[in-house]
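If you read the sequences in order, they're chains A and B.
For the first sequence, counting from 1, position 113 maps to 113 in this note's numbering; every step adds exactly one.
For the second sequence, counting from 1, position 136 maps to 136 in this note's numbering; every step adds exactly one.
Check each hint, because a few of them may be wrong.
What follows is a set of in silico ranges between Cβ atoms, one per label pair, in the way DEER data are often shown [claimed, not checked]: (1) B/W292 - A/G13: 54 to 64 angstroms; (2) B/A216 - A/P227: 20 to 30 angstroms; (3) B/T112 - A/V139: 17 to 27 angstroms.
Source of the hints: derived by calculation from the structure; they are not laboratory data.
All figures in this text were calculated on a predicted structure; none of them were measured in a lab.
Beta carbons are placed, not taken as given, at the ideal position from N, Cα and C, and that holds for glycine.
Here are the chains, one letter per residue:
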Amino acid sequence: MLEVHRVSKSFNGFLAVAEVSLTVAAGQIAAVIGPNGAGKSTLFNLITGHLRPNDGRVLIDGRDITGLAPHRICAMGIGRSFQRTNIFPRLTVFENVQAALLAHQGRGPNFWSRSQALCRGEGEELLASIGLADQAHDVAGTLSYGNQKQLELGIALASDPQVLLLDEPTAGMSASETHEAIALLGRIARERGLTLLFTEHDMAVVFSIAEKIAVMHQGRIIADGSPASVRADSEVRRVYLGR
Amino acid sequence: MMSRIGSLCVRLPWMFFAFLAMLSIPWFGSRYDVFLGTQIAIDSLFAVSLNLLVGTTGLVSFGHVAYFGIGAYVCGILMKTYGAPFIVALLAAAMGAAACAAVFGYFCVRLTRIYFAMLTLAFSQIVWAICFKWDDVTGGDQGLPDVPYPDLHWMSAIPAIGELRIDDRFYLVAVVVVALSLAVMRRIIGSPFGRMLTAIRENRERAAFIGVNVRAYELAAFVVAGTFAGIAGALFGIFNRGVFADYVYWPKSAEVMIMVILGGIQYFWGPVAGAATLVLLNQEITSYTEYWPLVLGVILVVLLYAFPGGIVGGIAGLARLVGLNGSRVRA
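With the sequences and hints as input, model every part of the structure.
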């Protein structure tokens with residue numbers, strides 16, 4: 001489904017991502033782990049077009065998307081959430097997902113219909129599935145941090161992606177919020193048959209949900225495989241798990 | 001009971017009443033009132049068109065006067081030099097401003113924030129320089145005096161309007177053109193296209209990743225704003241009986257920006273309130289003292305401190321205090 005092939009990116013001579021290759025099969029839940037500065041977010045930005053790789057290719061469903069603009073890549077079925085919460089703070093919760101639905105349906109160029117009435121049913125359904133139906137008319141920026149993360153997931157889902165990239169979906173959450181967020185993610189991924197690729201610091205989260213784990217260290221992938229095999233890898237233990 | 005009266009108050013078509021009140025000025029007001037009314041109407045359109053960029057899309061343009069000026073020159077030249085009918089000249093002004101906005105905007109939206117603002121200013125100064133020097137077409141520093149009023153003889157046949165002077169008649173035309181333009185812009189802001197613009201204002205990065213081609217939408221907003229600025233400029237040239245290079249000079253960009261901020265960028269009607277306030281203050285203070293820019297500056301500072309959300313923001317805050325939800329019309 002998602003193929004990253006020997007992708008590299010350097011910033012002013014610093015090699016942030018070095019010849020990284022990674023394959024995620026359709027419907028698979030995969031995690032990229034690694035210490036801060038390992039290049040995880042850069043790798044995500046290379047996949048979603050926010051950065052252009054110096055070298056290598058990114059393929060989705062066999063189609064080359066390397067270096068396309070983010071809005072084009074989004075249209076090809078990749079959704080993402082960001083490390084820092086990334087919503088439309090002064091729009092209401094409903095308007096947040098509605099904007100994403102309208103954009104996804106290509107109705108953005110319509111400058112005459114009244115947007116208020118559009119995508120009502122779909123938007124409400126989507127909000128219900130992420131558990132924000134009651135907050136639909138709140139201003140998004142006033143939500144709790146955990147709810148804003150949920151909303152961000154909702155915005156990403158509105159584009160009906162096949163592949164969802166989540167950059168630290170539980171960063172900054174309390175233990176109980178983390179637990180709920182992961183349960184929600186797992187449920188939605190199964191329901192929609194999503195291919196999921198996420199980064200995460202919380203090892204409990206990673207090992208509870210991921211079917212495949214890639215470990216990054218200093219811009220390279222040093223191990224890649226099932227949770228059991230990664231856990232057993234001696235180099236991973238040395239540089240990352242610290243055991 | 002209070003809340004029913006309150007919700008009725010909010011639901012009444014206030015803007016339609018305001019429109020009718022504006023239309024009635026030639027019969028109930030003085031010639032001076034008509035003069036002020038024309039100026040407020042035209043400045044309102046200009047300011048609302050700028051707010052489509054500033055308040056709706058989050059693009060701060062310091063060169064919006066370019067499209068106002070191009071509209072004024074296109075309309076003025078067509079009507080004076082070629083004797084074109086008003087409606088043709090007006091549409092040509094709108095299209096000329098739109099075309100220039102499309103060309104300049106193509107470059108401007110490639111930059112963001114202060115760099116965007118500076119480039120808009122640079123383009124407006126280029127337009128000014130051309131208007132100031134191109135003697136054969138624009139009249140150069142002499143400008144283009146004696147732009148004729150539109151032919152409004154057909155109005156003579158209409159009862160009650162028939163006895164009005166030409167400047168009163170033109171005022172009615174201006175108010176109708178402005179009202180229609182505002183209605184169209186209001187509709188655009190409430191449309192899916194408008195929602196994409198607010199999404200860009202709120203978060204460009206996220207907007208791109210819901211599939212919005214941010215630059216293309218910014219350019220479209222730039223062209224729409226330029227078009228309506230052009231219409232305002234066309235009306236202004238006729239109203240002033242001439243088009244001069246001053247209309248394209250940067251202080252006018254600053255003036256319209258003051259109107260927008262003073263009125264409140266978060267509200268559709270904010271710039272209208274700002275335009276009315278600035279025009280009236282200007283006229284009042286000028287008649288008292290020659291140091292009016294100083295007095296005006298002080299008043300503006302006080303107003304901006306008292307109402308950080310602009311005049312309409314302040315009114316909406318007061319309305320919320322007494323339990324009304326009157327702030328629904330957002331930019």
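A quick look at each hint next to the structure:
Taking 54 to 64 angstroms as the suggested C-beta distance range, the pair B/W292 and A/G13 conforms, at roughly 59 angstroms. B/A216 and A/P227 have their C-beta atoms about 43 angstroms apart, which leaves the hinted 20 to 30 angstroms range violated. Taking the beta carbon of each, B/T112 and A/V139 are about 25 angstroms apart, inside 17 to 27 angstroms as hinted.
The structure is inconsistent with hint 2 alone, although it conforms to all the rest.
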